[in-house]
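Peer 1: Work the whole structure out from these sequences, hints included.
Here the protein sequences come in this chain order: A and B.
Quick note on our numbering: the first sequence kicks off at 1 and runs consecutively.
Quick note on our numbering: the second sequence kicks off at 1 and runs consecutively.
Simulated from the structure, these hints should not be mistaken for laboratory data.
Be aware that one or more of the hints could be misleading.
Intra- or inter-copy, both count: the list cannot distinguish identical chains.
Calculated pairs, SDA-like style, for lysine to any residue (alpha carbon to alpha carbon, straight line, at most 20 angstroms) [stated by the list, open to error]: (1) K152 with E141; (2) K152 with L133; (3) K57 with Y37; (4) K183 with K212; (5) K145 with Y181; (6) K145 with E180; (7) K43 with M216; (8) K23 with G12.
Number of protein chains: 2
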Amino acid sequence: MSKIYVTGLGPGAAEQMTVQAKKVLEQCSVIIGYTVYIDLIRKEYPDKIFLSTPMRKEADRCRMAFEEAKKGRDVAMVCSGDAGVYGMAGLICEIGRDEPDVEIEIVPGITAATGGAAVLGAPLMHDFAVISLSDLLTPWEKIEKRLIAAAKADFVICLYNPSSKKRADYLARACDIIMEYRKRETVCGTVRNIGRDGETCEILSLESLHDKQVDMFTTVFIGNSNTMELNGRMVTPRGYKDV
Amino acid sequence: MSKIYVTGLGPGAAEQMTVQAKKVLEQCSVIIGYTVYIDLIRKEYPDKIFLSTPMRKEADRCRMAFEEAKKGRDVAMVCSGDAGVYGMAGLICEIGRDEPDVEIEIVPGITAATGGAAVLGAPLMHDFAVISLSDLLTPWEKIEKRLIAAAKADFVICLYNPSSKKRADYLARACDIIMEYRKRETVCGTVRNIGRDGETCEILSLESLHDKQVDMFTTVFIGNSNTMELNGRMVTPRGYKDV
Chain A
1 MSKIYVTGLG PGAAEQMTVQ AKKVLEQCSV IIGYTVYIDL IRKEYPDKIF
51 LSTPMRKEAD RCRMAFEEAK KGRDVAMVCS GDAGVYGMAG LICEIGRDEP
101 DVEIEIVPGI TAATGGAAVL GAPLMHDFAV ISLSDLLTPW EKIEKRLIAA
151 AKADFVICLY NPSSKKRADY LARACDIIME YRKRETVCGT VRNIGRDGET
201 CEILSLESLH DKQVDMFTTV FIGNSNTMEL NGRMVTPRGY KDV
Chain B
1 MSKIYVTGLG PGAAEQMTVQ AKKVLEQCSV IIGYTVYIDL IRKEYPDKIF
51 LSTPMRKEAD RCRMAFEEAK KGRDVAMVCS GDAGVYGMAG LICEIGRDEP
101 DVEIEIVPGI TAATGGAAVL GAPLMHDFAV ISLSDLLTPW EKIEKRLIAA
151 AKADFVICLY NPSSKKRADY LARACDIIME YRKRETVCGT VRNIGRDGET
201 CEILSLESLH DKQVDMFTTV FIGNSNTMEL NGRMVTPRGY KDV
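Peer 2: Laid out in structure tokens, this is it:
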């Protein structure tokens, strides 16, 4: 039976790929993904069949994977980061319900939360919440409710999709909500282009984050009440030192 | 200047290790970690110096890393999963504040949340909260507050350290709290020994999870109000199908 491997490539699609993801790319004859990620790996695997659809055509891309698998080919369905965090894994499982002849395996990858945290220092050493600010598939009211809950309960918060052309002020709106429950001096961080050329990061206060313009290649971290800046790193202490 | 690489080995310390983590292990002359993880990799790298301390001796282990680095050796400080999620990255950064001659790099790994999610299907396709039930370093009241916040705001919840010998009833207590805000039928999952021999998983209701005895090698997932069981997989839909 041929198989679809829903594979996370990690943030940069290179050194942060797992050994298992690399094997999947080597062994599958077809690699399918969003154009940008396909372009990152195409030159490494000149003998593969590469298929792609633009953004917003996620369901078409998944159906394409099943069509290829039904031709008897093993398929690597690739995503940036982890396929299971706002990625393609869920949709492949949903469509796969009606495709009993195709086996599915999810191959995890480094997601932006942990990849970005490593660039900033150690912001996720304590309980954390991952929230996407994209309201394309989620009503803003639900996003707002989750921001309030996470802020009140002093979670470290990691924001995915903090901005886009149509949603230029969403990060500022999120910061306004969080500032109702947390200090303006709360230590925050941003990382752009994690694991890629031109990777940059910045540590700043929640108040300054409010006024910062970020893009869709940026992941945002808001510390908890104990998060500190230490020698240019964002660090949430876990308390081992006191044990 | 010699360097400490705080390195996550992924859940199973083998195929789910990143290419970068593998390079770090190959290039460092000293590998330091908790005994169990050191034993998982020792035979692969016979020429290395392996150093270890038992559990609860985290600060000693970190200081050991700085001592070795100051002798001019590059050190891989290894953790299971990701070093930045309840791992050693924070403590190394804290101690590193007083060690200006040693460079620190955090090398991310697959954490149990994403590694376990891949085994179960796709539970983390929407906003999620990661909470540790260990009250060794966190007061239980704070953990409880976070459980309530995450349950009320309909986050998918991933529980680390769900149990230990001394805390046999903590998962049941957490389920009781969550059931005040979420249906008893909420789809949940457990994964044990992620990425290792004897990996097992189970999908069950929140009510059944309450009565299940898990151990410290288990990661627990509590779905949001839309999470489903589909062909034996735990899947949180993201809504692409409706676009």
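Peer 1: Does each hint fit the structure? Answer for all of them.
Peer 2: Going down the list of hints, with the structure as the test:
In this assembly of identical chains, K152 and E141 lie within 20 angstroms of each other by CA distance both inside one copy and across copies; the values are 16 angstroms within and 14 angstroms between. Taking the shortest Cα distances, K152 and L133 sit within 20 angstroms of each other both inside one copy (18 angstroms) and across copies (19 angstroms). Taking the closest pair of Cα atoms, K57 and Y37 come within 20 angstroms of each other only inside a single copy of the chain (15 angstroms); across copies the shortest separation is 42 angstroms, beyond that limit. Taking identical chains as interchangeable, the C-alpha atoms of K183 and K212 lie at most 20 angstroms apart only when both belong to the same chain, with a minimum of 17 angstroms there against 40 angstroms between chains.
For a Cα distance limit of 20 angstroms, the shortest separation of K145 from Y181 qualifies both inside one copy, at 13 angstroms, and across copies, at 14 angstroms. For the homomeric pair K145 and E180, the shortest alpha-carbon distances inside one copy (13 angstroms) and between copies (18 angstroms) are both at most 20 angstroms. In this assembly of identical chains, the alpha carbons of K43 and M216 never lie at most 20 angstroms apart, being 25 angstroms within a copy and 43 angstroms across copies at closest. Taking the shortest Cα distances, K23 and G12 sit within 20 angstroms of each other both inside one copy (17 angstroms) and across copies (16 angstroms).
The structure fails to meet hint 7 from the earlier list, while all remaining hints are met.
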